[in-house]
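Visitor: Here is what each chain is made of, one letter per residue.
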Amino acid sequence: MNIHLGRGFAQKDGPHAEAMAERKMLLDSTLDSVEVAETEVLGAAREIGFHEDDLHQLGMAVRESMVNAVVHGNRYNARKKVHLSVTKEIDRLTIVIADEGDGFDPNSVPDPLAEGNLLRQSGRGLLLIRAFVDEFQVLPGQPRGTEVRMVKYLAKAS
Amino acid sequence: MSVKISHRQVGDVTVVDAAGRITLGEGASVFRDLIRDLAAKGNKKILINLNEVSYIDSSGIGEMVSSFTTVTNHGGQLKLLGLTKRVKDLLQITKLYTVFEVFEDESSAVRSFA
Chain E
1 MNIHLGRGFA QKDGPHAEAM AERKMLLDST LDSVEVAETE VLGAAREIGF
51 HEDDLHQLGM AVRESMVNAV VHGNRYNARK KVHLSVTKEI DRLTIVIADE
101 GDGFDPNSVP DPLAEGNLLR QSGRGLLLIR AFVDEFQVLP GQPRGTEVRM
151 VKYLAKAS
Chain U
1001 MSVKISHRQV GDVTVVDAAG RITLGEGASV FRDLIRDLAA KGNKKILINL
1051 NEVSYIDSSG IGEMVSSFTT VTNHGGQLKL LGLTKRVKDL LQITKLYTVF
1101 EVFEDESSAV RSFA
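Listed in order, the protein sequences are those of chains E and U.
For the first sequence, the residue numbers in our numbering are 1 to 158.
For the second sequence, the residue numbers in our numbering are 1001 to 1114.
Hints in this document: simulated from the structure, not taken from any laboratory.
Predicted, not measured: the structure shown is a model, and the values here were computed from it.
Just to be clear, a hint being listed does not mean it is correct.
Stated by the list, open to error - Computed footprint of chain E on chain U, listed as stretches where at least three residues anywhere in the stretch have a Cβ under 8 Å from a Cβ of chain E:
{"#": "1", "region": "1008–1017"}
{"#": "2", "region": "1057–1063"}
{"#": "3", "region": "1066–1076"}
{"#": "4", "region": "1087–1098"}
Cβ atoms here follow ideal geometry from the backbone N, Cα and C, with glycine treated the same way.
Take these sequences, add in the hints, and give me the full structure.
Guide: Laid out in structure tokens, this is it:
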């Protein structure tokens, strides 16, 4: 069962607290959660004014990250959750997706743009995420797993 | 909406009309199964019409690449028709424009197989 942590977006503390709101969710390791996360992020993105093409890119980045967390990180394990955090600010949306898997080294993924890899069936997810958000980090999860952090700026939106 | 796929013959070219979303799960597997079936039955000229495809994720792209390889290994050709701007962007980001032959209109695409 997917769990919404808190009702709606919570105001954050800090110097720009009035302009920040964060929402956290605990999601099951299922493909349905991919849809839930995409819907959640796109709802927040619409509220701060992202346009249609940027919404498409954000949705795609979230889908790819969620698929990585559910399929490769948690391996559909029903006992493991995917942690989603969406933070709205005036000029940006920050999305953090963390799994409870065994961890992952992004450098271990063969370059999908190398001539010899173009016909590989998989391995393009990270490439697409990087293309569709302004900032992208892959970090070790705490205490385990993998955490990806994505930021898309409204000001840079087309 | 997941993907809807049908196919028709235009001369000796099999045109596969896809609509909806080709994504991990049912969408990608439906696409894969149809192309493999067509290739196994000896269809060697396959044109994928993506004009009504609204969304493809990395799994969907992977299935298109896999389909290309399958058809090529059967001695055939697989080409693409009617890409939306978003799908074109994906092919550019992934450099797959260098792999697939892409056409804007069906008659030119069909003639290209001759």
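Visitor: Would you list, in rising numerical order, the hints stated earlier that this structure does not obey?
Guide: 1
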